[in-house]
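Given next are the chains, with one letter for each unit.
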Amino acid sequence: MRFSVKDAKFFKSCVDAIVSLVDEGSFVATKEGLHLRTMDPSQIAMVDFRLPATALDKLDVDEKSSATLNLVDFSKILSRSRAGESLEIVLDEKDAKLQLTFTGSSKRVFKMPLLDSSTAMPKEPNVPFDAQVKIQGGALKSMLQDAGLLSSHVIFDVSEHQFNLEAKGDAGDVKTETMKDSDSLAALDVKKPSRSMYPFDYLNNITKGCPDDAAVNVHLKSDAPIKITYPIGDAQLTYYLAPRVENE
Amino acid sequence: MRFSVKDAKFFKSCVDAIVSLVDEGSFVATKEGLHLRTMDPSQIAMVDFRLPATALDKLDVDEKSSATLNLVDFSKILSRSRAGESLEIVLDEKDAKLQLTFTGSSKRVFKMPLLDSSTAMPKEPNVPFDAQVKIQGGALKSMLQDAGLLSSHVIFDVSEHQFNLEAKGDAGDVKTETMKDSDSLAALDVKKPSRSMYPFDYLNNITKGCPDDAAVNVHLKSDAPIKITYPIGDAQLTYYLAPRVENE
Amino acid sequence: MRFSVKDAKFFKSCVDAIVSLVDEGSFVATKEGLHLRTMDPSQIAMVDFRLPATALDKLDVDEKSSATLNLVDFSKILSRSRAGESLEIVLDEKDAKLQLTFTGSSKRVFKMPLLDSSTAMPKEPNVPFDAQVKIQGGALKSMLQDAGLLSSHVIFDVSEHQFNLEAKGDAGDVKTETMKDSDSLAALDVKKPSRSMYPFDYLNNITKGCPDDAAVNVHLKSDAPIKITYPIGDAQLTYYLAPRVENE
Chain G
725 MRFSVKDAKF FKSCVDAIVS LVDEGSFVAT KEGLHLRTMD PSQIAMVDFR LPATALDKLD
785 VDEKSSATLN LVDFSKILSR SRAGESLEIV LDEKDAKLQL TFTGSSKRVF KMPLLDSSTA
845 MPKEPNVPFD AQVKIQGGAL KSMLQDAGLL SSHVIFDVSE HQFNLEAKGD AGDVKTETMK
905 DSDSLAALDV KKPSRSMYPF DYLNNITKGC PDDAAVNVHL KSDAPIKITY PIGDAQLTYY
965 LAPRVENE
Chain Z
725 MRFSVKDAKF FKSCVDAIVS LVDEGSFVAT KEGLHLRTMD PSQIAMVDFR LPATALDKLD
785 VDEKSSATLN LVDFSKILSR SRAGESLEIV LDEKDAKLQL TFTGSSKRVF KMPLLDSSTA
845 MPKEPNVPFD AQVKIQGGAL KSMLQDAGLL SSHVIFDVSE HQFNLEAKGD AGDVKTETMK
905 DSDSLAALDV KKPSRSMYPF DYLNNITKGC PDDAAVNVHL KSDAPIKITY PIGDAQLTYY
965 LAPRVENE
Chain L
725 MRFSVKDAKF FKSCVDAIVS LVDEGSFVAT KEGLHLRTMD PSQIAMVDFR LPATALDKLD
785 VDEKSSATLN LVDFSKILSR SRAGESLEIV LDEKDAKLQL TFTGSSKRVF KMPLLDSSTA
845 MPKEPNVPFD AQVKIQGGAL KSMLQDAGLL SSHVIFDVSE HQFNLEAKGD AGDVKTETMK
905 DSDSLAALDV KKPSRSMYPF DYLNNITKGC PDDAAVNVHL KSDAPIKITY PIGDAQLTYY
965 LAPRVENE
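As given, the protein sequences belong to chains G, Z and L, one line each in that order.
Count along the first sequence starting at 1, add 724, and that's the number in the working numbering.
Count along the second sequence starting at 1, add 724, and that's the number in the working numbering.
Count along the third sequence starting at 1, add 724, and that's the number in the working numbering.
Isolated chain G, as found in the complex (with noise of 0.2 Å):
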């Protein structure tokens, strides 16, 4: 596996993305792209990653290659790029490392270290979801906010007409009402009226590479998994995550 990326900061936000859930992964490179699909350490939230080959500058790879990686010490090394610089990442697997060098008026090369792949690519959930609401990023994580003021857990509720998230704590309760007409909502399509709950940590984390301008897709059905899809430039990334089922 070897391919260079133009711009080494979008790279660096799409495994921002990933990492906020998970803390490590495996890339899988094949002719189409990469692609990575992982559940987080305690099984209730799945993330899949893929970037296309067309977004990458180059891409060198023999069918299928992959690599498992610390996705923070990942992270970490990748938001050392500069401005202006290349970066070119290979698959050394006679070593057991990934090879990163950023080019510019100085070359750097970071080498890390491969973990073992201890897991299969998990399957993804086939859902048979009741309702689908697009909406834009920044305001899908300013009503998440409010929420998570007031509650570790997160009422995702719409009907035909209406989008509402709500949260009920010690401190107080809130309810966030949009409206099908709304400004910030692309589209509401409601075969069933779902209502589920999920906690907010992970609804956070999920939300949290998404830019404020993307275009979310959140699909629901009642105390089913949600699934969350999100674009960041060319890449795609999808979240599933297991309800909490409501006992109030």
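Calculated from the structure, these hints are not laboratory results.
One should not assume that every hint holds.
Because identical chains cannot be distinguished in the list, a pair is counted as satisfied if it fits within a single copy or across any two copies.
[As the list claims (entries may be wrong)] Within a straight-line C-alpha distance of at most 27 Å, the following computed DSS-like cross-link-like pairs (lysine-lysine) qualify:
id	residue 1	residue 2
1	831	899
2	818	945
3	800	821
4	865	800
5	835	899
6	730	755
7	916	865
8	730	904
9	755	904
10	858	831
11	733	892
12	831	865
13	915	818
14	915	733
15	945	755
16	899	730
17	821	945
18	733	932
19	800	932
Let chain G serve as the given structure and place chains Z and L on it in line with the hints.
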């Protein structure tokens, strides 16, 4: 009690000027406006806050109504206000809740529990002050920071032509001298020279909410409480702080 | 000793470049200017600071006068300087105090206690260096951050055409290669290839005060102390740091 504010951020800055000194308090609404007066838990400082009805967008109240709140939680919720949103606050006495409704591209309703009003409103101290200093908020805060660098206590010293702040500590001493004709002094009216010491932490909290360009009114008398008054927009904040008898 | 500085913020940045390495030190004033030279508490690093009389607004001194100070407190007081204020520093030997007077819209007088001058001024090491690198401050600091990400120790390696920084740690390795003709190198004079390892924390503290656009002079010799010199305005900072013998 039901009132609306045009500018939720302004209302938050008022609440922050209160919460820097006390964690809970009772807002009393009458036809004249809002009023809060309370002692800090250690009983050495008092804050009095008044917002006239004219500064509110709307105020519905029968005679007199009061709501006792956790001001820390209240400030947190107010901090969620977004640009261009209006805020309506309604007291729901039946459910013992205060309801805050932010209306913008979505509608957000926060409810927070009322606390028991444990204490009667304290009386305002009646001190026959000997001196009055009118000084810019920014200048006063900067002088206090100078003093707080070196000591936990600050001495205010005024004479006919001069306003001094002093502090003495192990790491050094500081004396800030401002002459009557200085740009940062709007007035210096001294019936009798006065000198008194106050705890820095309280002075710092009291002035935290003071806008840099606000005209602060300081009333002094030797070894008596200090009275500090400043406006935030149309709101008026007044503080009293007990002296510490100087023993050097 | 009595001297004035036009720009208190410049003087603070000099003191900060010293205080990042040592907590106390003696300023010696002569007709030539100010001088401070001291070892850090662990005795593995030395800082030498010189500010010529021409860089001061005024300097009154009889032959030689010295003031030993807690530099942390000195820096804190200097940090209270405001834009447009002048600063006069006077040694009050009778009371064993240093007096700092900031004059602007108010007059602020800080007094800090002198410390006992416990030690004689150390001698400057006399190392027959084999190589000299002239590099931009910003570039050197950035390379050091790359290295500090992965290890507590940094290897400097120079050969005729190349200046390398290396670090090896559990999370990965890094090698920064700068060729002689790079924009960030002003000069590379190598009598003999040299390679030596130094603790990152010290290098970080030594370069903390270095302006990004300053020309830094690095003198090297294998397994010998490193000498790092840079100007802050008219002041000259020189540091020595003992090597750590590389055992890999």
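Structure-based check of all given hints:
no. : hint         : in the structure
1   : 831 with 899 : between (53 Å within a copy, 8 Å between copies)
2   : 818 with 945 : neither (47 Å within a copy, 35 Å between copies)
3   : 800 with 821 : within (16 Å within a copy, 46 Å between copies)
4   : 865 with 800 : both (24 Å within a copy, 17 Å between copies)
5   : 835 with 899 : between (48 Å within a copy, 9 Å between copies)
6   : 730 with 755 : within (18 Å within a copy, 57 Å between copies)
7   : 916 with 865 : within (24 Å within a copy, 58 Å between copies)
8   : 730 with 904 : between (39 Å within a copy, 26 Å between copies)
9   : 755 with 904 : neither (41 Å within a copy, 39 Å between copies)
10  : 858 with 831 : between (43 Å within a copy, 18 Å between copies)
11  : 733 with 892 : between (38 Å within a copy, 24 Å between copies)
12  : 831 with 865 : between (38 Å within a copy, 15 Å between copies)
13  : 915 with 818 : neither (53 Å within a copy, 37 Å between copies)
14  : 915 with 733 : neither (40 Å within a copy, 39 Å between copies)
15  : 945 with 755 : neither (35 Å within a copy, 49 Å between copies)
16  : 899 with 730 : between (43 Å within a copy, 21 Å between copies)
17  : 821 with 945 : neither (43 Å within a copy, 32 Å between copies)
18  : 733 with 932 : both (16 Å within a copy, 25 Å between copies)
19  : 800 with 932 : both (17 Å within a copy, 21 Å between copies)
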